Amino acid sequence: MTSTAHPECPVLLDLLLAADEPAALRLTGRLLASGATPEDVLLRLIAPVQARIGELWADDSLSAADEHVASYISERIVLSCAGTQRPAERSERLVIACADGEWHTLPSRLLAEYLRLRGYPVTFLGASVPAAHLTSYLQKHEPAAVLVSVSLPVRLPSARRSVLAARHAGVPVLVGGRGFGRTDRWAHRLGADAWAADAVSAAAILETWPPPAAPDGGSALGNLADEEYARLVTETPGLVLTALSVLERWFPPMRGYTGRQREATADDLNHIAAFLAAAVYVDDESLFADFVSWLAGILAARKVPAAGVDLVLEHLQKTLDGRPRTARILTAGRTALQAHSPS
Amino acid sequence: MAAYRVLGQSLNLQRNARAAAGLPVPALAGVAALIVTLGPRRLRWWIRDSHTAVDGPERMPVRSGDTAPDDLPDWIRVVLADTDGPWVRSLSLDGWALPDGGKNHGHGAVVRLPCDHFRPGVLVLFRDQDRPPFTDADLSLAARYGQAVGRAVTAALLYRDQVRVADALRTALRPTPMPEVAGLDLATAYRPSLEAMQMSGDIMHVELLADDGALCVVGDVCGKGIDAAVAGGRLRQSLRILRRVTEEPLEILTVLNDAAIDLGGEASTQFSTIVVGSARVTRDGSVLLRLAAGGHLPPLVVRRSGEVEAVRIGGMMLGADRAARFAEAVIWLQPGETCVVYTDGVTEARGPAGAMFGQDRLIALLSGYAAAPAAVVAERIEQSVVDWLAEPDHDDIAVLVLRARPAPVPEASGGPA
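Residue numbers (numbering that gives the first Met the number 0), protein chains in the order written: chain W, 0 to 342; chain A, 0 to 416.
Since the hints were derived computationally from the structure, they do not count as laboratory data. Quantities reported herein were computed from a predicted structural model and do not represent experimental measurements. Using N, Cα and C, we set each Cβ at its ideal position, and we do this for glycine too. Fair warning: there could be bad hints in the mix.
[To be verified] Far from chain W by the CB rule (all over 12 Å, computed), these chain A residues:
#, residue
1, Gln146
2, Asp211
3, Gly224
4, Ser285
5, Leu287
[Unchecked claim] Computed footprint of chain A on chain W, listed as stretches where at least three residues anywhere in the stretch have a Cβ under 8 Å from a Cβ of chain A:
#, region
6, 58 to 65
7, 183 to 191
8, 292 to 302
Assemble the whole structure, with the sequences as input and the hints as a guide.
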């Protein structure tokens, strides 16, 4: 996030990889006792180590289960940091929620504790909060801001429902998390009042809260009028089935797959369709192109030929013919794939 | 007036009232005050006063405060009490006091809010002396506005009362926090279905036993929504009392069954499936589980190897027959091993093309999490099931994960001390 990583990062990484929760808590406890600030532990130790964990998973050095255990221990450390000091001086209550379907709670938990350390009373609503829950919460409480986090761009449509719930209740929304990309454009397209790249900038933005009202008042996403997004969502189950049969026919490795592997492939296809839909939703081909490059890297680490992905994209191009935005985005995806693995 | 639209947007009393007091200023009046009875001895007021505007009408604040009825200016008390009087009347030049202590000299109008049989309220509007007095057209506009305000405020008050009732009920029905049990790693996932105000007929309950073990209960009352939730709450309450008489899972089940049938009488018997278990940590760190069941889905035991065993206990559904027979299974968990008890909201979750999540998918998932902390296992199950769902609406989901704590890792030399 900011400044340099903490010198103890390699030590914590090893402890997380060994799933040694007590030792990890002892390490951070010792750092705090010997003068490290909780901010340091949150932003210079946990955040970079967790980013490294994600990379290790991506190049197949770590199983998904091990990654979950590591995140869980990191979350325990975040909570233990917060226990050390907790000044609540400000009157503006903040509410932090992951969008529905978003299960990565560590980034927003980190943000919650960081803002608590800066004196805000914070309510953390947790993982996967349906917009209906947010609405009913906001009918009862009067926070100064709703903070919505997503870690994957596929949750942008869901984040939009959270943003609208907050706007309808008249509470300004700050959004962030990796799922919103590296600039504020998707945030603005979704009608959020503000976007923050990380915890530090979120705190800076909240210093002059609320921001001036957006001119379009959250009525962006005019691109949805062509219904390409809605059609894609309803057609996804069928698309996944036909893509599976295309792979079975033209992608030789598929023939030796076990039932489990087949299901994993169907999951991957659902993922491709979801990212495609998210790109159509915010009308940005770079979202899909970045995903395809990332996916190619993941598959390469697992020794799966990227040719399968290209077959799928080609199949989608043929099937979804006659939809200009979807076509443009799929083309960008195939281009990214070629750039990644020149055949 | 655009006011009607804004007023209808929220069911939040504070926001509605602020909007109601804020919107007439400055177009209709220089000062607007809303006074609403919240209870027998409680009133709250909201005032927007254009004289207090510092930097433009945008930033003009709406102040609010609570007051006792006795502290209200007399003339407002009279209007509040006059439930049969006219909806709107004009106020002539005078020093009209407001609840915040301010005095106003000018032309005014006072509107009684409709629905005053429920909670009386008034809206007061003032103009400065140099502005023209309220015409008949102004008064009729004020009356119409007062109707919209009355509807919005009444709806917000009714909603607030209902939410209080629902919250109280929900709090009583929610699982209580897990107790700390030495040697046991406990975690839960609990997701009531989206319908029925987030109330669940799934029961999940863990409490300490007299000898430091834990009594664990996972149950599922047939049906959905508030009725099932209330029945579940009754069942849990019975459990709390019962376990002070016996800590034997089988005996607890038998007595619960008798009670369910007695209580139910004829047609109203509430059927439920249930697992009642006791967990005791032994000296070597392994855990002895005794699970008694009535018609519930088989708990799953995750061995250190990643092997998953379904524990078929059998037993009849609770409330089905006075002479019901229940069964018990004994399971040993070695340190690091896990037992997962869950309700059918997990396995019967409907995914793509109507397919159920199913026990096989759950077993495959668990085998990958053999070494994981209980909290990670519980969260992963919840996540996988919710991701699986094709429709956002689902059945109640409850998962209890019991894990024998793994032996502490000996501190590596050269590592952090």
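Verification of the hints:
Against the 12 Å criterion, Gln146/A stays outside the reach of chain W, whose nearest CB is about 22 Å from its own CB. Distance check for Asp211/A against chain W: the nearest CB is about 21 Å away, which clears 12 Å, and the non-interface claim stands. Every C-beta of chain W lies more than 12 Å from that of Gly224/A, the closest at about 16 Å, which supports listing it as non-interface. Every CB of chain W lies more than 12 Å from the CB of Ser285/A, the least distance being 20 Å, so the non-interface label holds.
With a minimum CB-CB distance of about 25 Å to chain W, Leu287/A clears the 12 Å threshold, and the non-interface call stands. Counting residues of the region 58 to 65 of chain W whose CB lies closer than 8 Å to any CB of chain A gives 3, which reaches the minimum of 3, so the coverage claim holds. Coverage of the region 183 to 191 of chain W by chain A is violated in this model, with 0 residues showing a Cβ closer than 8 Å to a Cβ of that chain against a need of three. With 0 residues having a beta carbon nearer than 8 Å to a beta carbon of chain A, the region 292 to 302 of chain W misses the requirement of three or more and the stated coverage is violated.
In summary, the numbered hints that this structure violates are 7, 8.
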